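J.: Chain by chain, the residues:
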Amino acid sequence: MSAVLPTARPRRSRPRGVLAPVALLVIVILIAFALVPGLIAPDSPVALNMADRLKPPSFAHLFGTDEGGRDIFSRVVFGTRYSLGVAIAIVFASALFGVVYGAVSGMARGSADNVMMRIVDLFFGFPALVLALAVAASIGRGLGSVALSLTIIWWPGYARLVRGEVLRLRERPHVEAARALGVSNLTILRRHILPFVAQEVNVRVTTDIGYALVAVTALSFLGLGANSPTPEWGLLIRDSRPYFGSAWWYLVFPGTMIMLTATAFSLIGDSLAARRGG
Amino acid sequence: MVNFLLKRFAWGILVLLLVAVITFFLSRVVPADPAAFLAGQNASEATVQKIRAEYGLDRPLTEQFVSYMVGLSKGDLGQSIRTRRSVSTDLAQYLPATLELLLVSFTIYLIASFSLAVTAARHPGGFVDGAIRLLTMVGTGIPVFWLGMALQFMFFYKLHWLPIGARFPIRETAPPVVTGFLIIDSMLAGSPSALLGTLKHLALPALTIVINLLAVGTRLSRAALIQEQSRLYVRTARGKGLGPRVILYKHVLRNALSPILTATTMQFGYMISWVILVEVIFDWPGIGLYAYQSFQVFDYSPVIALAIVSTAGFVLINLLMDILYPIIDPRVQSVGS
Amino acid sequence: MKSLSGIAGTALLLMASAMGVNSASAQDATTFVYADAGEPSTIDPAKANVNWEFTVTRNVYDRLVDFDLDDPSRLLPALATEWKQDGKVWTFKLRDGVTFHDGTPFDANDVKATLDRLLKVGQGQSYLVDDIASVTVVDPKTVQIETKAPTVFLASNLSRIEMMSDEDIAKHGGEAGEAWFSENANGTGPYAFVAWTRGTQIELKRNDKWWGKFPEKPFDRVLDRFVTDGANRARGLEGGEFDLANFVPLDEALRIGSTSGFHLVEGNNLWAWPAIYLNMDIPPTNNKDFRNALVKAFDYNAMVQSFQGKAVVGRGPIPAWFPGSPEKDQPEIKTDLEAAKAALAASGLSNATMKCSVPAGFPEFRFAATILQASAAQIGVTVEIEELPFVEAITAIKTDKSNCFVLGNANLSPQDATKFFSAHYLKGGFFNSGKFEDPALQELIAKLPSVSDPAERAAMLKQASDIVVDSHYIIWPARPVTVVPEPDRIGGYRIDPAEYINARFWELYSK
Chain A
1 MSAVLPTARP RRSRPRGVLA PVALLVIVIL IAFALVPGLI APDSPVALNM
51 ADRLKPPSFA HLFGTDEGGR DIFSRVVFGT RYSLGVAIAI VFASALFGVV
101 YGAVSGMARG SADNVMMRIV DLFFGFPALV LALAVAASIG RGLGSVALSL
151 TIIWWPGYAR LVRGEVLRLR ERPHVEAARA LGVSNLTILR RHILPFVAQE
201 VNVRVTTDIG YALVAVTALS FLGLGANSPT PEWGLLIRDS RPYFGSAWWY
251 LVFPGTMIML TATAFSLIGD SLAARRGG
Chain B
1 MVNFLLKRFA WGILVLLLVA VITFFLSRVV PADPAAFLAG QNASEATVQK
51 IRAEYGLDRP LTEQFVSYMV GLSKGDLGQS IRTRRSVSTD LAQYLPATLE
101 LLLVSFTIYL IASFSLAVTA ARHPGGFVDG AIRLLTMVGT GIPVFWLGMA
151 LQFMFFYKLH WLPIGARFPI RETAPPVVTG FLIIDSMLAG SPSALLGTLK
201 HLALPALTIV INLLAVGTRL SRAALIQEQS RLYVRTARGK GLGPRVILYK
251 HVLRNALSPI LTATTMQFGY MISWVILVEV IFDWPGIGLY AYQSFQVFDY
301 SPVIALAIVS TAGFVLINLL MDILYPIIDP RVQSVGS
Chain C
1 MKSLSGIAGT ALLLMASAMG VNSASAQDAT TFVYADAGEP STIDPAKANV
51 NWEFTVTRNV YDRLVDFDLD DPSRLLPALA TEWKQDGKVW TFKLRDGVTF
101 HDGTPFDAND VKATLDRLLK VGQGQSYLVD DIASVTVVDP KTVQIETKAP
151 TVFLASNLSR IEMMSDEDIA KHGGEAGEAW FSENANGTGP YAFVAWTRGT
201 QIELKRNDKW WGKFPEKPFD RVLDRFVTDG ANRARGLEGG EFDLANFVPL
251 DEALRIGSTS GFHLVEGNNL WAWPAIYLNM DIPPTNNKDF RNALVKAFDY
301 NAMVQSFQGK AVVGRGPIPA WFPGSPEKDQ PEIKTDLEAA KAALAASGLS
351 NATMKCSVPA GFPEFRFAAT ILQASAAQIG VTVEIEELPF VEAITAIKTD
401 KSNCFVLGNA NLSPQDATKF FSAHYLKGGF FNSGKFEDPA LQELIAKLPS
451 VSDPAERAAM LKQASDIVVD SHYIIWPARP VTVVPEPDRI GGYRIDPAEY
501 INARFWELYS K
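Residue numbers (the UniProt record's numbering), protein chains in the order written: chain A, 1 to 278; chain B, 1 to 337; chain C, 1 to 511.
Next up, chain A with everything else stripped away, as it sits in the complex:
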């Protein structure tokens, strides 16, 4: 490999400058949705009100109402903690496991590292949905089984990332110096490697939350995740299917929320990456 040091860095793009604060705002709002939905949502997410069945968006019902006359905006607000909550849990669990696994693999090197990485490869080829089908079949449907199957699919990405970083960092002069001084592997890892790895992982985690959210909602859409009438976003889209021609708002708003949320996390992840770089 030609060892070339990176010299020029792309200058910061304008869109990011404007959009990062907006994205941050979106995330703050989402966190509020998740923590205190009762204070924000105007209505109950589950109580039926048949008189208002499938009403289009209005001031009373920002996102319109569903087949039970429930306020879709309120359902979306209350759904945040399910959809986003599970997505965050998946990414955190994967990052935790992946970091430990990757660090061990990277520090071990040699044949142990080789075997560990081959195991990681195994998971890359495994289609997430098929695994989710199998997991749902064995432990039952629900957000728990969604979280489990997506974590199984997700952690190898972190393991690979961290191992790569560890291999790179341990060749750095200051690490080599530390090793020459007889500092233990664990200490090297803790003091000289993990802090740098953490930056990479932070970026990845932020971006991944958006991806995980999309994956969680996809599984709910297929009927593997949350159960009705939990206002989980993917499930809202699934529930909206029979009313497609009669109530466009039922499909559009939950989908837009997923898109907005995922994009916001991507933007923040990008922004973190740029800050770390520049």
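Hints should not be assumed to be uniformly reliable.
Okay, derived cross-link-like pairs now, PhoX-like style, lysine-lysine, Cα gap no bigger than 25 Å in a straight line [what the hints assert, rightly or not]:
| no. | chain 1 | residue 1 | chain 2 | residue 2 |
| --- | --- | --- | --- | --- |
| 1 | B | K50 | C | K171 |
| 2 | C | K427 | C | K462 |
| 3 | A | K55 | B | K50 |
| 4 | C | K88 | C | K112 |
| 5 | C | K462 | C | K447 |
| 6 | C | K462 | B | K50 |
| 7 | A | K55 | C | K310 |
| 8 | C | K120 | B | K50 |
| 9 | B | K50 | C | K427 |
| 10 | B | K50 | C | K435 |
| 11 | B | K50 | C | K398 |
Here are a few chain B residues that face chain A, going by a calculated C-beta distance under 7 Å [to be verified]:
| no. | residue |
| --- | --- |
| 12 | S27 |
| 13 | L57 |
| 14 | L61 |
| 15 | L135 |
| 16 | G141 |
| 17 | W146 |
| 18 | I272 |
| 19 | L306 |
| 20 | A307 |
Restraint ranges, calculated between C-beta atoms of paired labels, are given here [unchecked claim]:
| no. | chain 1 | residue 1 | chain 2 | residue 2 | range |
| --- | --- | --- | --- | --- | --- |
| 21 | B | T89 | A | L62 | 32 to 40 Å |
| 22 | A | L62 | B | R238 | 50 to 58 Å |
| 23 | A | L62 | B | K158 | 21 to 29 Å |
| 24 | B | R238 | A | R190 | 26 to 34 Å |
FYI, nobody ran anything at the bench for these hints, they're computed from the structure. Owing to the predicted nature of the structure, the values given are computational and were not obtained by experimental measurement. We treat Cβ as the ideally placed atom computed from N, Cα and C, and that holds for glycine.
Starting from the known structure of chain A, fit chains B and C onto it as the hints suggest.
T.: Leaving out everything else, chains B and C in the frame of chain A:
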């Protein structure tokens, strides 16, 4: 090199075996009874028991596993309870539909992704770059099933331009099945109208997959290109007075190809997942829909088969990449070391 | 910018090639496209048991008798032209000059072979005629069927049993060859089986040698498309890709039916669509007062509203149109929160929690469970809902992992209620998922078919119905009117009240 490839191949077989074992056991821990589905409502317990015996469902799990593995070693993927045929026969029927969708999507994706990445990387940080980056970010955030429905709404329901689903115009006669790929079969039959019909039906599902892949792919390709551009040889080339376009196309692209390809192959797992969703939404008669429908009635074999087939695809693609890398990127020569 | 325009070019090329004439304008009037909710697992008449399997079997094969869809108490001749009952023995005179699609003639041997095979296989609709003891060929045009006990319903139940060819059964039957019938069909019916494109469609063509009468301008070719997604069926119907669709979600059906170019066909409602079964074996639903509380608390109006008013609240299991139905003499079932609270107090249960398993794919089932949840909450009962594939959902309640199950079901027989009661309310019945048992009911149902006086049968039916109602085993949320949007270019569609949406292709014509 040959030695390395053999090792890789052996590993691939091992991976396939593991996948088969994992999915077999995961799917058998189910509480439901596929024989009850097969016997139908109102069937007596004796009838259900007879069917259970017929399909070997009454035997102990380990025994079922051994016979499944023995069958697998002979290329027998088991029996589908829902379709009452062998899974291999079903796969032969459904695989071409999925492959056709995948290949068309992937080709469009490669071209588009590459063009976008080059455009974005030409002036990193410029307005076009920023716009493309924002679009790709929004793109990764769109749930594929939602996008599919939105496209159906737009192009079928509102504009009446494209069909809602399936592979071929309903009222027209499909070309005789030769390869199972409708594009090729239409051409073989020399029927432009059949080809047109096929493309019309491919458009929305393919577009759905392409948009999602594009979003992820362009991010990765752009990063690879920009990193490549910042390398020393590019500066040298610039110093020699070569124009930026020449540098980009003659040097950077060539060298950036291998990281881009790596990133692309990593997306295979995603693609398979997307395909199941897209097939469900567009009633696309491929292996994704087949496995999903089978899953609904606890017909396990097709689900395991899908896992095996898609993992095999992944292993094959990686093997192919291992062979291609040294050709594409002369810097990578001693792969095995 | 070259590369950008390249992408744009590629995309445009794709779009341009893909656009063009919408399929709706390119329709030929002789092909009929039916959007079916699923792909058959088998088209063997001895095994078929879901709507999308019946789509094929009902049209490719004929039955001995038919019945008047508008008045199910009237049986009509089909492959049999006359029949009479004498105690346990029924005699059927068969129609002359009927041939199978492969050209072989239809006679009494075919009837015997079909029924013998059906009862041996023991699947599909065999339960409708499981009281047959033996079938005897008297002469090629006369067949005698002896039942285990006298039953007045044999002819009406035979209106669902498709007649196959004895040559086929000899050639393809037996343990090894049964598979042939799963994907091939040779009947005497108005449409002949042409081809099955897996995952996509089954093609039928009109049998112009059929003994019956087609309307003017019938369809020569029928494509039975498998469109598993209800929204896609609705949209395809509206967009003109399909000529008719089954299981169109009600809101979409009403909306499409009111747009120009469509009209609504309305028919008698089904037996139980949906019905909520309560588990008699595990707490809290094994407590009769608790079940009573749920029945009283349920918000029936909400369910009717969810059907946009196109529904009635049932008073028991048997709808008013059914011959001998006791419905008009039964008290109304109404929401009464005070009575519900009193019943709950009597049950001695407070803060109870129960789980409800709902088969996925039917919005009205899920919504019935949602209403139960909201209604139960008003009396302080918590209901958890779990949406599962059908087999898994019914297994959950049968194995006592769930308290409640939501099901929609039709009674296939146009006159015989006993088969429905056996399957749904008697011990061992497949749909008796909550495991209801009642000796008096058992006795009534066993005796009913042998009673020849219709008035006496009606009285027994009322007793049977009252037993089920009084047990509070079932909540009947509402019985929707069956509504089917039909394009104005097509006529002849009628709703079979006993079987949810089965298209009789031979009655359809283009205008």
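J.: Out of the numbered hints, which ones does the structure contradict?
T.: Failing hints, ascending: 3, 6, 13, 14, 15, 21 and 24.
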